[in-house]
Every structure is written in C-alpha cells, then in structure tokens.
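Engineer: One letter stands for each residue in the lines below.
There are 2 protein chains.
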Amino acid sequence: MNTASAEEPRWLTDEEQRTWRAYVHASTLLEDHLDRQLQRDAGMPHVYYHLLVVLSEAPQRRLRMTELAMRAKITRSRLSHAVARLEKNGWVRREDCTDDKRGQFAVLTDQGYEVLARSAPGHVLAVRQAIFDRLSPEQRGALGEIMQILAEGLQPKEAGADLPWLR
Amino acid sequence: MNTASAEEPRWLTDEEQRTWRAYVHASTLLEDHLDRQLQRDAGMPHVYYHLLVVLSEAPQRRLRMTELAMRAKITRSRLSHAVARLEKNGWVRREDCTDDKRGQFAVLTDQGYEVLARSAPGHVLAVRQAIFDRLSPEQRGALGEIMQILAEGLQPKEAGADLPWLR
DNA sequence: GGCCCATCCTTGAAATTTGAACAAATGAGG
DNA sequence: CCTCATTTGTTCAAATTTCAAGGATGGGCC
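So the sequence lines, in the order shown, correspond to chains C and H.
Sequential numbering from 26 applies to the first sequence in the numbering used here.
Sequential numbering from 26 applies to the second sequence in the numbering used here.
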C-alpha cells in the first residue's frame, strides 16, 4: 500500500524544534547585531563589508563580478546594486575586462582598503564577543565542522554534478 | 605600561576564521534557500512565515504587537509593515486592545492557519534536509547548545539587568 | 487634576533586496 | 562565416527593511 502523499510528514522532534528555533533566533540576532555595528563603525551593512573583505583577499584585490558574487554567496543582481553603492563611496572601482568584453572587474580602491583596515579590529572584536568568547574549545570546533557541512550541502551544485545519469 | 589603544587587536586564529567564514556562508545560503522555498510554496518570506508560526502557538492565536516582535526578534517597525502585508493576504487580523487603548493584537485568521497547515510539511522537510539529515546525533545536540548560548548572549537585556549598581 | 516621561504602534522616506527581463558578447557546431 | 544557446552583467519595478519621527495613551507623582 502506497500512502506517500497522504502520510503524516516527519515532524521535528522536540529537541530538533528547540535547536531549530535557537538557530533562527541566534542567526537573526547576530546578523542584526553585526549590521548595526558595521553600519555605525564602517558606514555599511555586513554584506557590503564582506564584499570588501573578499576583494581584499583576491590577487590584485580585484575579481570578476560573477566570481565575487559566488564567493560572497549573493546573486549577481544584488552584487550589481551593492557595487554601485560602494563605488559611490569610492571604496570599489569597476574596470573593464579586456579578455571578455562582457566582463567587469570589481576592484578594491586604496580608500576602500583604508576603511577596511580601520574598521576590521572593531568588527573582529564584535564577532569574538558574540561567538568565540562564549564557547568552549570543543564547541568552537564543533561549530566549525557543522557549518562547513551545512554550507556544502546548500552550495548550488556545479552543472551536472547532480545529474549522475549524464556521466 | 599601558598600550591599550595602540595594541594589535586580537585577530581570529586561522581556525576561528574558517569557522566564522563557514558560519556566514551557511547562514546566508540557508536563509536564501528557505526564503525561496517558502516564497514558492507559501507565498511569503521566512520571516513572515515565522510570525504566523509564533502566532499559531500563542493562546487564542493572538499576541500584542510588542510581544510578537520580541518573540520573533524583529523591531516593532518591521513588524508593523509585515503585519500590514499579512493582513492584506487575509492571514492576520488586527484587533484593538480594550485594556490599553494604545495596544493592538495581531490575530492569526483561519485562513492564515490554513496556509500554515498546508505549507508546514514542505517547510519542515526543507529544514530537515538542509540541517538535521546532514548531522550526526552529537552534532545535532551540539548545534542546539551552541545556538542557545549565542542567542542568549545577543538577547537585548531586560531593563537594568546590565546595570548591577542599580540593584 | 495636571505634568512629565515612558511605552505602544504607526508612518514616511531612503536604502536594500528580489525576480524577471534585457542587451551584448561568447562559444560550440555546422 | 552563421546560428543558436549560454554566459555576463545591468536595469526596472515591486517588495522588504531600516531609521527617524510622531501621535496617542498610560502611569507615577505632586
């Protein structure tokens, strides 16, 4: 007998419920906290700050738009708007790609690097106080592993990776 | 010698860096994933869905705006806009509070309850697949504890709780 | 009662995000 | 060389979020 479509879904256990609820609360509060901290001290929300960080780590402090979007886990559309805003601030500059005339590079300016250097200590402190100072070494380790797993699971697969019948 | 203001900040260790980065990626991808899932299957973003869930658990399926805002960890302003939208959908209704003429209740309508009941299984499945199915029992337990701690640490304190000299 | 300040919730404008649509350029085949 | 599908990045409009401001009520206190 196949009752698949009528079956009671597998609800979360009480403990899973609590865990999920705690996660939602913690992540909401944390993003809020960091957004305010960075808006106050660096003049931009956390996502924008993260873009500058990623750029600062790239060779020449520059990345193609699509590459930057992937590394920052945001859509290209969102990135376009964000870079437009950061460009107005003088923290990022756009450059044409000579190899591919469609392409654009987002380049971290010296000014952008300055903002980053100036606000990084405060941001690190905020992250440390919110997270690492509150956890035991075991918990810190566990958190890393867990988040690694979750991120991998949600990462949009490369083309065909989920289509084994094509191999 | 006091060099506090000039001292090198305590940067994150490599492992802390990796953990923090993994957390940012996982939480970003997860929120995105759930927002899309719920937008598609329930016609609203995750935050709004959560509001309905909280309401559904309250006695009479109703809560004062401020109480709802606190339980959902969002600002009252954001809640006002959100409820306005949910009201347009017919999923929530506002009611005056007779005790306190300033007050408003947000009430989950039957229609709102229906939407919730209809979309809950899909949402639970998404959460399960994204999180619990990927973690060991130990990791599930650790995640709960950790998130509980982080949430508590970020919870805006009740008035005076952080002013011990007033006691 | 009258005053003062806190609380409750809303509002409006600006900023940000989303999703669909689009033009330009690339690249694989034929 | 041509054609067609794909990729790249942007743009528009609508939705959502933020932030500051404001109107109304409650509650303590003289």
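In short, the hints are calculated from the structure, not lab data.
Just so we're clear, the structure is a prediction, and the values are computed from it rather than from any experiment.
Honestly, I wouldn't trust all of these hints.
Same chains, same names: a pair is fine if it fits in one copy or spans any two.
Unchecked claim - The calculated SDA-like cross-link candidates involving lysine to any residue, where the alpha carbons are at most 20 Å apart (straight line), are: (1) K126 to V72; (2) K113 to E40; (3) K113 to L160; (4) K113 to E139; (5) K126 to A155; (6) K126 to A145; (7) K98 to E56; (8) K113 to D66; (9) K98 to R43; (10) K126 to P34.
Engineer: If a hint holds in the structure, say so; if it does not, say that too.
Structural biologist: These are the hints, each one checked on the structure:
no.: 1; hint: K126 to V72; verdict: neither (28 Å within a copy, 40 Å between copies)
no.: 2; hint: K113 to E40; verdict: neither (48 Å within a copy, 35 Å between copies)
no.: 3; hint: K113 to L160; verdict: neither (39 Å within a copy, 43 Å between copies)
no.: 4; hint: K113 to E139; verdict: within (16 Å within a copy, 46 Å between copies)
no.: 5; hint: K126 to A155; verdict: neither (44 Å within a copy, 38 Å between copies)
no.: 6; hint: K126 to A145; verdict: neither (35 Å within a copy, 47 Å between copies)
no.: 7; hint: K98 to E56; verdict: both (15 Å within a copy, 11 Å between copies)
no.: 8; hint: K113 to D66; verdict: within (18 Å within a copy, 38 Å between copies)
no.: 9; hint: K98 to R43; verdict: between (27 Å within a copy, 16 Å between copies)
no.: 10; hint: K126 to P34; verdict: neither (51 Å within a copy, 42 Å between copies)
Violation of the numbered hints given earlier is confined to hints 1, 2, 3, 5, 6, 10; the remaining hints are satisfied by the structure.
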